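Start from the sequences, fold in the hints, and give me the full structure.
Each protein sequence line maps, in turn, to chains A and B. For any residue, its number in my numbering is found by taking its place in the first sequence, counting from 1, and adding 255. For any residue, its number in my numbering is found by taking its place in the second sequence, counting from 1, and adding 74.
Hints should not be assumed to be uniformly reliable.
Stated by the list, open to error - Below 30 Å or equal to it, Euclidean Cα-Cα: the simulated DSSO-like pairs (lysine-lysine) are:
1. A:K570 / B:K355
2. B:K371 / B:K350
3. A:K485 / B:K343
4. B:K138 / B:K92
5. B:K371 / A:K570
6. B:K92 / A:K559
7. A:K452 / B:K138
8. B:K334 / A:K289
9. B:K138 / B:K110
10. A:K460 / B:K371
11. A:K559 / B:K88
12. A:K327 / B:K88
13. B:K343 / B:K371
14. B:K138 / B:K312
15. B:K312 / A:K283
16. A:K570 / A:K289
17. A:K289 / B:K343
18. B:K312 / A:K289
19. B:K415 / A:K275
20. B:K165 / A:K460
21. A:K603 / A:K570
22. B:K138 / A:K460
Unchecked claim - Here are some chain A residues pointing at chain B (derived, C-beta under 10 Å):
23. F276
24. Y285
25. I322
26. L331
27. A367
28. G369
29. A435
30. A469
31. S503
32. V563
33. G606
34. S608
35. A610
I should point out that these hints are in silico values taken from the structure, not numbers from a laboratory. Just so you know, these numbers come straight off a predicted model, no measurement behind them. Virtual Cβ for every residue (Gly too), placed ideally from N, Cα, C.
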Amino acid sequence: MTTTPLEPRLTDVGPPRYDKFLPPIVLKNYGAWKYHETLAPGVLCHVAESGDRLYTVRAGTPRLLSIQTLRKYADLADKYCGGYLRFTSRNNVEFLLVDPALIEPLKQELAALGIPVGGTNNAISNIVHTQGWVHCHAAATDASGLVKSMMDTLIDHFTHEDLPAKLRIAVACCLNMCGAVHCSDIAILGVHRRPPKVQSELLSKACEVPTLVASCPTGAIRPVPGVGGKQSVEVLEEECMYCGNCFSVCPAMRMADAENDGLSIWVGGKVSNARSAPRFSRLAIPFLPNNPPRWPEVVEAVVKIVDVYRGEARKYERVGEWIDRIGWPRFFELTGFEFTRYHIDDFKHAGMSFARSTHIRY
Amino acid sequence: MADADEGVKPANGKPETKLLDELENGPWPSFVTEIKSASGATGSAEDLLGQLELSYEDKVSHWKHGGLVGVLGYGGGVIGRYSDVGEQFPKVAHFHTLRVNQPAGWFYTSEALRTISDIWERHGSGLTNMHGSTGDIILLGTTTDHLEATFQELTHAGFDLGGSGSAVRTPSCCVGMARCEWACFDAMKLCYDLTMAYQDELHRPALPYKFKIKCAACPNDCVAAIARADLSVIGTWKDDIRIDQTEVANYAAAGIDIQKDICANCPTKCMDWDGKELSIKNRDCVRCMHCINAMPKALRPGVEKGAVILIGAKAPILQGALLSSVLIPFVAADELLDTLKELIQRIWDFWDEYGTNRERIGELIQRVGLAAFLDGIGLDPVPEMISAPRDNPYIYYQPAKEDEA
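Given below as structure tokens:
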């Protein structure tokens, strides 16, 4: 017998069982929900076949949360929800109530804490994003600051359902896209614009050259003899499109460049199958400067897209569906964004995106 | 001790953070306030803020490439992170992150949240992400000597690490049957069962590259399975949409223009509204969810439920972004777990055999062709797998095989 509480050493226990943290009303009505209604922006009511009603109050979070805030959420869950809450796939927190009389007091307490309620239906939900300078070596920009800057400006569209359809925004700080921004209504993507700077000394110690050569999608990296006969590589700069994958496999391929890194903006993607098929976002703005702490150029561009979309799109039209109807020339005209050579695809299968008809709007 | 030249640290010892302080203004909850409020054993939040301020000034990241750190017997779940300005900010010189496998559907009790918070107060920065992009609880920043203790306290509290590297990544799922009337299969249970079935593959990287699994219980795909998972399980149904005509009329009375808002938005134009009754030609319905989303009280998915299995989604690196594409058009809900386990094994066998280092399964399929992949895993081609047949005549006929047949 040992007295240490950590014996035996446990491994591979897996996550908590899927039903371990479910509130009693959910356990009772699991798989037997009938319909739901929206009572107010951010407030849903799910009605079960049994007649039971579960109320959800959805609130925005910065995703980067201190344990002090998690404890605050726990206190709120104890006070209003019998101790039950959940998070959403877009970094919102949801308080699950059985007593509708507690909805307003909870909302008031959230408001007092500066926690916005909303993000449902035809609103902008919370922005999905990546680590950025907070915790990532590959980031071309910060994510949390961009999100904060945008949501400060767009918050009324979070707390009000005042858009033609749902609007999903995402931020990724580099082309690795751990935020999977590539299927968002509006995506903000950090980009590099200069080839990696090869640090031969480090390379010979830290990197496998064959892996490094194979990491380049365009075959722009070639092995060459380095200093003192050690292995190194050279980059065919005209073939580099700055994806940074070489840096992912080898720290000696430095990508970060304060002057030339920045942001690109993409529009019209979706993942839902509703009406039209899931699709990728398309390039709207190839480059905007990295301008912390508020990134005014990015915020202005995103607000422009939201405003134009809100004014022009029909009910239920997602951004991509709206652009399908009006056409890309009109999108560029309405937003005032410049159309450039960078908008024309020149990677694999680029021809699929050329206009192959005479369907032109004049 | 304090050198005046350091400049960034005034008398109270706290780094000046003028740029980040600006991000405490405005109505959206501030991550800067979160960092400032975090307390944890390693006391690193303050130096994190200082380093981040430096990044805001310099416009580059000050994190170095990850290193190999972890807990005994695991090949992943911990992301090694080191500062390149560690002398200036010693408390984040080592700032490793743990990925902790989230509960299905991200449900918690207040007690569970406090348990995690307490562990992270004892052993880390006190900062988290709820949640990471793949779905894990992210415990952000600690030192190597705390990793094993954190891990042991987590497993004794019923939590375990998530995936990283060339492994099965932490599977995730939508809220499913716990709170959604549209769930066509038990996404939370399936996600849990798959996670438990692949604990070894999740904790000990042995695949050519990462393998992500996401379960979305209806075609609305709230976890972006089709965009983000190598293996996407997306719920659907086979029989007719259930209609409550009285509720359709109620929606019409409440202001929905059934013809314009519902029928005209149907992608296959399979619906008609005569002013009294909504009729659906279910044979033409592609189960897109628009009409059901718009009138949840009047329309519901059918009762013959299951899922579509799709394969291959990924972000751009290396050969370009992919969406998942159909592999099996329908698997009944109660057959999903067994079907998936058998299918996954066949997919991994093929991937092990033919995949190159750091080649996602979607890229392998692009390289060898979907038809060759189907041969390899023993699935017959069906027209649901494609949007249209090929439009080029460059066909690799297989006369030898055809003669055999």
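Status of the hints after comparison with the structure:
1. A:K570 / B:K355: holds, 24 Å
2. B:K371 / B:K350: holds, 17 Å
3. A:K485 / B:K343: Given pair K485 (chain A), K343 (chain B) is violated - Cα atoms ~66 Å apart, limit 30 Å.
4. B:K138 / B:K92: holds, 24 Å
5. B:K371 / A:K570: Since the Cα atoms of K371 (chain B) and K570 (chain A) sit roughly 19 Å apart, the hinted pair holds (cutoff 30 Å).
6. B:K92 / A:K559: Holds. K92 (chain B) to K559 (chain A) sits at ~28 Å (cutoff 30 Å).
7. A:K452 / B:K138: holds, 15 Å
8. B:K334 / A:K289: This hinted pair holds, its Cα atoms lying about 25 Å apart.
9. B:K138 / B:K110: holds, 23 Å
10. A:K460 / B:K371: violated, 64 Å
11. A:K559 / B:K88: Cα-Cα ~39 Å, so violated.
12. A:K327 / B:K88: holds, 25 Å
13. B:K343 / B:K371: holds, 21 Å
14. B:K138 / B:K312: violated, 51 Å
15. B:K312 / A:K283: holds, 27 Å
16. A:K570 / A:K289: holds, 25 Å
17. A:K289 / B:K343: Holds. K289 (chain A) to K343 (chain B) sits at ~26 Å (cutoff 30 Å).
18. B:K312 / A:K289: holds, 19 Å
19. B:K415 / A:K275: Roughly 24 Å separates the two Cα atoms, so the pair holds.
20. B:K165 / A:K460: holds, 27 Å
21. A:K603 / A:K570: The given pair, whose Cα atoms are some 35 Å apart, is violated under the 30 Å limit.
22. B:K138 / A:K460: holds, 15 Å
23. F276: Holds: closest Cβ of chain B sits about 4 Å from F276 (chain A), inside 10 Å.
24. Y285: holds, 5 Å
25. I322: holds, 4 Å
26. L331: holds, 9 Å
27. A367: violated, 13 Å
28. G369: Status holds, d = 6 Å.
29. A435: Constraint on A435 (chain A) satisfied, holds at 4 Å.
30. A469: holds, 7 Å
31. S503: holds, 7 Å
32. V563: Interface hint status for V563 (chain A): violated (21 Å vs cutoff 10 Å).
33. G606: violated, 12 Å
34. S608: Constraint on S608 (chain A) not satisfied, violated at 13 Å.
35. A610: violated, 18 Å
In summary, the structure is inconsistent with hints 3, 10, 11, 14, 21, 27, 32, 33, 34 and 35 from the numbered list given earlier, while agreeing with the others.
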